[in-house]
Structures are given as C-alpha cells and as structure tokens.
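Spelled out, the chains give:
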Amino acid sequence: MKNDSVSLTIDGKPVQAPAGTTLLLAAKDNGIDIPTLCYHPELKPEGHCRLCVVEIGAAPSTRLVNSCTYPVEPGLVVQTASAKVLASRRMVLELLMAQAPAAEIIKQMAADLGVIETRFTKGDPAARCILCGQCVRTCREVAGVSAISMAFRTPKKRVATPFKEESEACIGCGSCVFICPTGTIAYTEKDGIRTVWGRKFELQPCAKCGNYIGPKAQLEHWAKLTGDPVESFYTCKDCR
Amino acid sequence: MMTSQQKLETILSRYEGVAADLIPVLQDVQDEFNYLPKDELKIVAGRLQVSLTRVYSVATFFKMFSLEPRGKHLIRVCLGTACHLRGGQHLVETVGRRLNVEPGHATEDLQFSLETVGCLGSCAQAPLMMIDAKYFGRMAVDKVPKILKPYKQ
Amino acid sequence: MPKFESMNHLEEYRGRLLSSRNPQEPQVLVCGGPGCLPVGSEEVAAAFQAELKQRGLNGKVVLKESGCQGLCAKAVKVMFRPQEIAYQQVTAEDVPEIVEETLVKGKIIDKFCYQDPDDGSVKAYKSKVPFYQGQRLIVLGKMDLIDPTSLDDYLAAGGYQALQKVFDGMSPEAVIDAVERSGLRGRGGGGFPTGRKWRLCRQAPGDIKYLICNGDEGDPGAFMDRAVMEGDPHAVLEGMIIGAYAIGAIQGYIYVRHEYPLAVKRLALAIDQARDAGLLGADLLGSGFSFDVKISKGAGAFVCGEETALIASMEGDIGEPHPRPPYPAVAGLWGKPTVINNVETWANIPAIMSHGPEWYAAIGTENSKGTKVFSLVGAVNHTGLVEVPMGTTLRQMVYDLGGGIRGGGEFKAVQTGGPSGGCIPKQFLDLPVDYDSLQSVGSIMGSGGMIVMDETSCMVDVARYFLSFLHDESCGKCTPCREGTKHLLEILTEITNGNGTEEHIPLMEELCDAMAAASLCGLGQSAVNPVLSTLKYFREEYEAHIREKKCPALVCRPLLKYTVDPETCTGCLACVRECPADAIHGEAAEPHLIDQELCVKCGMCHAVCKFDAVKVES
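Residue numbers (numbering that gives the first Met the number 0), protein chains in the order written: chain A, 0 to 239; chain B, 0 to 152; chain C, 0 to 617.
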C-alpha cells in the first residue's frame with residue numbers, strides 16, 4: 000500500500016483512494032456512479048446543485064456533504080444512496096423541475112429516482128436554466144474571457160452579461176452553449192453570422208476550403224494569447 | 000469642481016489596484032456619485048484588473064449598491080424582527096405612499112430614495128427608520144409627515 | 000498619549016493616569032448606545048454641556064457620552080458617578096432641573112428613577128434596579144464607565160493589562176491552553192470551542208496567518224455586537240492582539256456591516272489610537288510581536304456572516320459560501336490559515352486572560368461557560384441589552400430582567416437565534432439558556448437576539464416573515480436554499496392569505512428535511528427552524544389559517560375584517576385621510592364607515608385611529 004493512498008468505506012465496501020481525491024471520483028473508480036449536474040471534470044467543482052450529496056459518518060452523527068469537493072479521509076464511512084441521500088436528491092430534482100420546467104434532462108433524472116411530477120409551483124414553462132454555473136465557469140476557466148457571470152441573489156439570480164448588454168469580452172466561441180446540461184443558452188448561425196448572448200459575431204471562413212472556422216473575435220483572441228498573427232488561424236483543422 | 004474622471008482618479012489613487020479592493024472602491028464610488036454609474040464601473044474593472052462581469056456580479060449581489068441614480072436623501076425603514084412586530088410594514092407603506100415611491104427606488108425628482116433594511120441595530124426603539132445619518136426611533140405612522148417635511152426642500 | 004516602547008512604560012503611564020484621576024470626582028455619563036441614540040441622547044448630552052458651562056461647572060463635573068447602559072426601554076439613560084445613580088427617560092428639557100437638584104444639591108429626583116411596579120418604591124442606584132441585578136457584566140462591564148473614544152479611559156479601567164500579562168511570560172501555546180480551559184465557545188452562533196479553533200489554526204502549516212473579527216451582525220433584532228464595537232472598541236482590539244499572538248498572525252481584519260457606520264468610526268479611531276500608542280504595529284510593547292488591524296466594510300449581505308462568504312467578499316468576490324473542507328482555520332483568507340471569531344468572542348478574551356480561565360469556567364453551565372450578551376426586545380417592558388451567566392432561565396430573562404410582558408399581555412413565545420432560530424413556547428419558560436438546551440427544543444443560541452412575543456403575534460406570520468428575510472438574503476448558489484426558501488415563502492404566504500391547503504404542511508415538512516440536510520451552508524440548513532418550530536408548537540394556528548381562514552392573533556390582513564365602531568368613532572377623519580383605497584366614508588364629527596367592497600385590508604385605519612374605534616376581527 001502506497002503512503003499517499005487512503006482507506007475508506009463506500010457503501011459498505013472497503014476501498015483505497017489516492018490522497019487528495021474527492022469522494023465523487025473515489026466512488027466512480029469503484030464502480031459507483033453518483034448523479035451530478037453542476038460537476039464537470041474540466042471545471043473547478045463548486046457544489047451548486049447538491050445532487051451529488053452523500054452521507055458520511057457513523058450514526059447518529061451522520062451528515063450530508065457534496066461528494067464533488069469533499070476529500071477522501073482515512074476511515075471515512077460513506078453511503079452514496081442511503082434513504083436520507085435519496086430523499087434529498089429527489090427533493091433537489093423536484094425543485095429543479097419547478098425552476099426549469101422545459102429542461103428535459105431534469106425530468107429524466109427525476110424519473111430515474113421515481114419522481115414524475117413536481118408539487119411546487121412551476122416557473123416560466125420555457126425555462127431551462129438550473130443555475131448550475133457550468134457556463135460561467137467554462138467561460139472563465141476554459142475560454143478564459145469571463146464574458147458572463149452570476150448576477151443578483153436568490154430572488155433574481157441569473158446568468159447575465161454585464162448590465163445585460165452585449166458583452167465586450169465575449170468571443171462568440173459557444174463553449175457555454177456546448178457545456179450547458181439543459182440546453183439553455185441559445186445561439187443561431189445564419190449567413191456567416193453567429194448570434195449568442197445577444198451579440199452578432201462575423202464568422203471567419205477557412206482560407207482554403209471556405210467552411211466557417213469560428214467567430215473572427217475568437218481567432219483574434221487566440222492570436223493575442225499566442226502572439227501569432229491572426230491570419231495564421233485562418234486555415235481550418237482539416238485543411239492544415 | 001472636479002470632473003467625473005478626476006473624482007474617480009482620486010478614489011482609485013487611494014488603493015493598491017488589486018481585486019481585493021473591489022468592494023471598498025465601489026463603496027467609495029457610490030459615496031461620491033450617489034450610485035454606481037456604468038462608465039465608471041468599466042474603468043474600475045480595468046484598473047483593478049478584474050473582469051467587468053466580476054464587477055457587475057458584485058454590484059448586483061450586495062444590497063447597498065445601486066446601479067440607478069439614488070435620491071438626495073436616503074430613507075431606510077427597518078424591517079427587522081422587532082420593527083416588523085411593531086408595525087414596520089405600515090411605516091414603509093406610509094412613507095412610500097406619501098412620497099409616491101416603491102422601496103428600492105428613487106422619487107421622480109430624485110429628492111428621496113426609499114430602502115428597507117433587514118436590521119438597523121436599535122431594536123429596543125422599534126419601529127425605526129433613518130434619513131441619511133439620522134435615526135428616528137419609536138416611529139408611528141402619524142409622525143411621518145412632520146419628519147419628512149424638512150427634507151423636502 | 001506616548002508610544003509605549005515597553006510594558007514598564009505602559010505600566011508607568013497607567014500609574015500616573017490613575018493617580019491624576021480622582022475616583023470621587025463627579026461624572027455624568029449620558030448613554031450614547033443604540034437604544035438612546037435614536038431618541039435624543041445627543042440632545043441630552045448637548046444640554047448637559049450647555050448647562051454645566053453656564054453654571055461654571057464644566058471644570059468640576061466630567062461629562063461623557065458612554066456606551067450602551069442597557070435599559071433601552073427607558074432611554075435616554077444617564078449615570079452619575081461615583082454614586083452610580085441611574086437616571087432614565089431623561090430629555091434635554093429635563094437637564095437644567097437635574098443639574099440643579101442632583102449635581103448641585105445632591106438630591107435624587109424620583110421621577111427619573113426606576114420605580115417598582117408592585118410597591119412603587121424608587122430605586123435610584125444601579126445595584127438596586129432589578130434589570131441589572133440578574134446580570135453579570137463582563138463584556139458590557141465598561142459600557143457605563145468609560146468614554147469609548149478615550150484610550151486613557153480604557154487604560155484607567157484596566158485595559159491592556161491582559162495583553163501585558165500575556166506578553167509577560169506566556170507562550171502562545173499557554174494562551175491557547177487558557178482559552179481552551181475557559182470553555183469559551185464562539186458567540187456568533189456556531190458555538191464552536193474557541194480554543195480548539197485557535198489550536199487548529201496554529202497547527203496548520205504556513206507562516207502567514209490571518210485573524211478576522213466578524214462584525215457582520217446581520218440577525219434582525221440583534222444589536223449586541225454593535226453596542227460592543229461602539230461602546231468598548233479597545234476590548235475587541237485587545238482580544239484580537241492576544242489571539243494573533245496565540246496563533247501567530249501578523250494581520251487582522253474587522254469586518255463590520257456597512258449598516259453600522261458609527262461602529263466603523265469608533266473602531267477606526269481605536270485602531271489609530273492603538274497604533275499611535277504602539278499597541279498595534281511593529282514590536283508591540285517591546286515584545287518582538289507585530290500585529291496590525293484593518294477595517295473591512297460589508298456591503299449589505301446577511302450571508303456574509305458565514306465565514307467562507309465573508310472571506311470571499313474580503314477577497315473582492317460575491318459573498319457565496321464555499322463547501323468545507325477546507326475549513327478557514329486551515330485555508331481561509333487568500334488560502335491561508337485564518338481564525339474568524341465574533342465580536343463578543345474577542346471581547347471576552349481580555350477578561351479571561353486577566354482573571355484566569357478557571358474564573359470564567361466557574362460561570363455558566365457544564366457545556367456553556369461564561370456569560371452571553373442578549374438583545375432582549377419585543378413584548379417585554381424592559382427592552383434592552385443584557386448580559387447574563389449561561390444557564391439563566393428564560394423565565395428569569397423575561398420576567399426578572401424584562402419586567403414581564405408589556406401592557407399586561409400574555410407571554411406567547413420567545414424567538415432566539417435570529418432567522419436561523421426557532422420560537423420557544425411558554426412550557427419551556429424554565430429552560431436554562433445555553434447552547435445545548437436551546438438546541439434541544441428546536442432553536443439555537445445564535446448571536447443573542449431574544450425576541451419576546453405576546454398574543455398580538457401570529458406565529459404563521461412570524462415564520463413567513465423570517466422566510467421572506469432568508470429568501471431575500473439567500474445567495475442563490477445552491478438548489479435547496481435558493482428554491483427551498485422560495486417555495487416555503489410562497490406556501491406560507493398562501494396560508495396567511497387564506498389559500499392554504501391540508502397538503503401544504505406535510506409538503507413544507509418534507510422540503511425542510513431536504514433543506515436542512517443538503518443545503519451548502521448554515522443559512523439554508525437553518526432556514527427550516529422558524530417553520531419547524533412554529534409547526535411543532537403552534538400547529539393549531541396553522542390549522543386555523545388553513546381550515547377556518549382565520550388569524551387568531553389578528554395579524555394576517557387578508558383574513559381580517561376592519562369596521563368602525565360608530566359608538567366610539569369621533570369623526571376625526573384621520574382614517575379617511577390615510578386610507579389608500581378611499582374606502583372610508585364619513586364627514587367630520589360623524590361616525591365613519593368602511594366600505595368592505597373597496598377595503599384592501601391594509602390595516603392603516605387601525606394603525607392611525609387614536610380612539611380605538613376601528614375594530615378588527617377574523
């Protein structure tokens with residue numbers, strides 16, 4: 000047994016996990032899939048959705064923690080699907096069904112746990128956003144431009160561009176659209192123009208084959224990051 | 000008479016110019032301009048080297064900040080527990096009706112802004128309100144017109 | 000004030016200060032605390048200043064504005080020393096008479112003294128007033144003694160002696176040991192053992208450590224910390240310096256909510272004074288230990304009372320809490336080990352170090368040592384700030400200190416712990432007030448708000464009120480709190496509007512279970528307490544609202560009917576003028592009539608009628 004390996008118990012099974020890993024990943028490595036919504040392996044986990052909660056400790060002093068950030072501890076006893084955990088998960092999904100009635104993935108995940116209807120008053124029937132923050136984190140950590148963020152607090156909390164105007168920092172890359180688990184963020188492409196977050200981006204065609212590579216703004220951003228001339232990005236992957 | 004630019008420079012010169020200065024800078028900007036003007040916030044973002052989205056998030060998260068121009072006089076009616084139990088709600092409704100303003104907004108002539116506060120910390124003198132830096136304790140609905148009068152010019 | 004280079008230097012100064020002061024010199028201390036300030040204390044102080052000057056007495060009588068003298072219901076309070084005569088309900092107009100009779104002639108004026116409601120006897124001296132007799136003033140000990148803007152006053156009262164004792168041969172470990180032995184638990188609400196927190200931080204790897212004083216007192220109904228920050232700011236600083244020495248921090252911060260501008264001002268002044276005196280900065284008192292303090296202002300977010308949210312806002316970000324671990328003691332401000340303690344916790348440290356941990360541990364109960372400051376407000380006669388040994392019963396607080404229910408009403412409940420706490424009914428009046436007992440009945444200690452309610456409070460409305468507050472203050476990061484507080488508020492509003500259903504109660508209970516278990520931070524986890532405690536002890540009120548569409552306490556306006564009693568109405572037109580819906584008809588000197596079709600049930604007529612002619616029923 001290596002020194003940086005931690006022994007703990009998950010669902011009654013003794014397991015070994017690398018020190019510093021989270022309960023979520025330790026469980027996954029041992030074949031236990033804990034449902035998540037705001038977690039993404041490429042993004043810093045922040046514990047928004049509370050779907051991935053697990054019960055830790057020994058009765059009667061157990062408590063629920065979100066497994067996506069909780070680090071493995073020697074001797075920790077973890078239950079990933081106890082009655083308390085399942086009741087909380089079902090409630091989280093029931094609340095999300097009311098918050099985002101049009102989000103199909105929520106309905107599916109809820110149905111998987113036996114929740115078909117929500118008893119809470121539903122919001123806008125077209126709403127899909129569950130405020131998981133993946134789009135915000137992606138824009139900040141992956142695209143690196145932080146063009147959108149969480150604005151306001153509970154009564155009005157929403158993902159927004161600054162002052163709800165066109166975000167100057169946005170490069171139109173569409174990473175937020177791609178990452179969103181519920182398909183909330185809309186973007187359209189027509190006649191060489193991509194529209195996302197209310198801003199129009201001219202798409203740059205490949206110098207060789209004419210297919211669109213991406214928004215000019217995004218290529219200019221890459222050029223600034225690498226120091227290469229922007230023209231060097233005017234050839235698409237296939238034509239290089 | 001300083002320009003907006005000069006006023007902002009004076010504020011920024013007091014700080015190191017790092018992210019941790021954001022809230023104090025915004026507080027100073029609001030003290031100076033009586034709200035948080037968009038153009039000034041864009042400059043602040045650049046100078047503190049934080050994203051504009053961060054500035055916008057912070058400006059909308061914390062209740063003290065206003066992105067709309069506030070009135071000359073700030074009326075804060077306390078809706079803390081002791082004040083709620085002693086008619087705080089009636090007090091804010093009365094002030095709002097007399098000045099024709101909703102909580103969280105300013106009067107049309109920008110003479111007053113009305114806000115509700117979670118607690119002003121003088122709970123033994125409930126119900127309580129403040130106009131600018133002055134406290135008015137043991138308030139009653141019928142005391143409102145007389146108290147507002149000197150602020151109306 | 001010199002800059003003290005060594006402990007001897009400070010001691011010599013203190014000696015000279017004490018010998019230059021005459022303990023028998025007459026002093027007038029006008030209370031400038033949170034209860035007296037809004038009702039004219041500044042005018043009273045100005046009147047004393049003018050009157051003393053006019054009579055040529057301003058060289059002979061020392062006038063000070065003090066911290067909170069406690070009995071806020073009887074504002075404005077004035078203390079006369081050395082006799083400790085406690086006057087109450089003093090106005091500026093009364094001052095000339097008081098100066099003449101009490102200061103010059105030495106006579107007690109009965110009308111300014113506390114009067115026993117049973118036998119009418121007058122209690123002029125503080126030690127005889129029942130409100131003070133049940134208290135043990137440690138944190139509030141200097142409130143009616145010193146001018147909080149004077150470092151000399153603090154030194155003359157024994158201030159910074161604890162620091163000297165610590166520097167004079169106590170190792171940091173010995174300090175932590177002492178705090179552990181005292182049994183002090185965090186006074187902000189969490190009740191975590193203070194010594195243990197300090198030890199965890201000291202043991203955490205890293206050379207850079209921080210100290211934070213949490214002055215974000217956000218619980219509505221609580222003003223203990225405000226009184227301490229305004230009335231004895233040096234006690235907070237002294238506690239922080241000792242704590243910094245113990246854990247090895249060189250920089251401290253006091254996070255003050257921005258709704259407390261006077262507290263910010265007083266603390267800023269105290270910091271300047273301490274720096275000038277060499278009590279903050281480099282090589283304090285020649286000890287080799289350096290420490291400084293900065294003030295950080297909150298920006299209006301109750302959630303920033305939570306440690307990780309507070310830290311986030313100090314780092315220039317929104318106040319969203321973060322999952323723990325890591326705990327701030329190990330990785331806090333800027334990722335460095337950080338101790339965050341509440342104002343009252345810090346203010347206890349000098350006394351613990353001066354008198355010793357055993358002295359502190361001898362006060363209080365088994366698991367709750369020392370005293371606790373409470374804001375005793377609501378439906379009691381003697382609203383104000385009190386400090387009692389842990390273990391004092393609710394009955395003692397409400398009846399002995401609080402003087403019973405105002406207006407001869409009936410006790411209904413006492414709410415402790417702010418929006419995170421619960422309502423405790425009369426069957427628990429003999430409950431000793433300490434961390435464990437309050438938790439055992441479904442409430443919490445919280446920061447010390449103690450709101451007494453009588454039969455004019457509707458417990459469903461109280462629950463709705465707290466959820467409205469929590470919903471507004473919830474940061475919105477996590478699902479159970481963001482959506483949970485929204486739906487709890489919605490359901491409670493439906494119930495108070497007369498649209499409650501039988502399914503609402505079990506739905507709320509189920510939602511509460513999930514919120515308590517799965518919310519990211521204490522705000523969401525304890526948001527359930529106002530609902531669950533009122534459901535547990537006052538279920539019949541919920542049922543009346545749901546089944547009979549009645550509000551027994553006559554609070555929930557949509558369920559009320561307002562009528563004018565023609566016998567009592569004097570036709571004064573006050574209600575006609577105030578009615579926002581123009582629903583009241585009537586001529587001057589004739590009985591008015593409320594048109595029930597137009598009435599919007601705002602209750603304004605009832606609020607303005609001076610003749611009790613507006614009747615309310617449900």
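It should be emphasised that the hints constitute simulated quantities derived from the structure, not laboratory data. Since we're looking at a predicted model, the values are computed, not measured. Check before you lean on any hint, since a few could be wrong.
[Said to hold, decoys possible] Listed below are the simulated BS3-like cross-link pairs for lysine-lysine, each with C-alpha atoms no more than 27 Å apart in a straight line:
| id | chain 1 | residue 1 | chain 2 | residue 2 |
| --- | --- | --- | --- | --- |
| 1 | A | K156 | B | K142 |
| 2 | B | K41 | A | K163 |
| 3 | A | K199 | B | K37 |
| 4 | B | K37 | A | K155 |
| 5 | C | K2 | B | K142 |
| 6 | C | K600 | B | K142 |
| 7 | C | K2 | C | K164 |
Pair hint A:K199 and B:K37, alpha-carbon separation not exceeding 27 Å: With Cα atoms ~22 Å apart, A:K199 and B:K37 stay inside 27 Å; holds.
Hinted pair A:K156 and B:K142, Cα distance within 27 Å: 37 Å, violated
Restraint status (C-alpha distance of C:K600 to B:K142 at most 27 Å): Cα-Cα ~22 Å, so holds.
Restraint check for C:K2 with B:K142, where alpha carbons must lie at most 27 Å apart: Violated: C:K2 and B:K142 sit about 50 Å apart, past 27 Å.
Straight-line alpha-carbon gap B:K41 to A:K163, limit 27 Å: 14 Å, holds
Holds or violated: C:K2 to C:K164, with C-alpha atoms at most 27 Å apart: 19 Å, holds
27 Å Cα cutoff - pair B:K37, A:K155: 20 Å, holds
Going down the numbered hints, you'll see the structure goes against 1 and 5, while the others check out.
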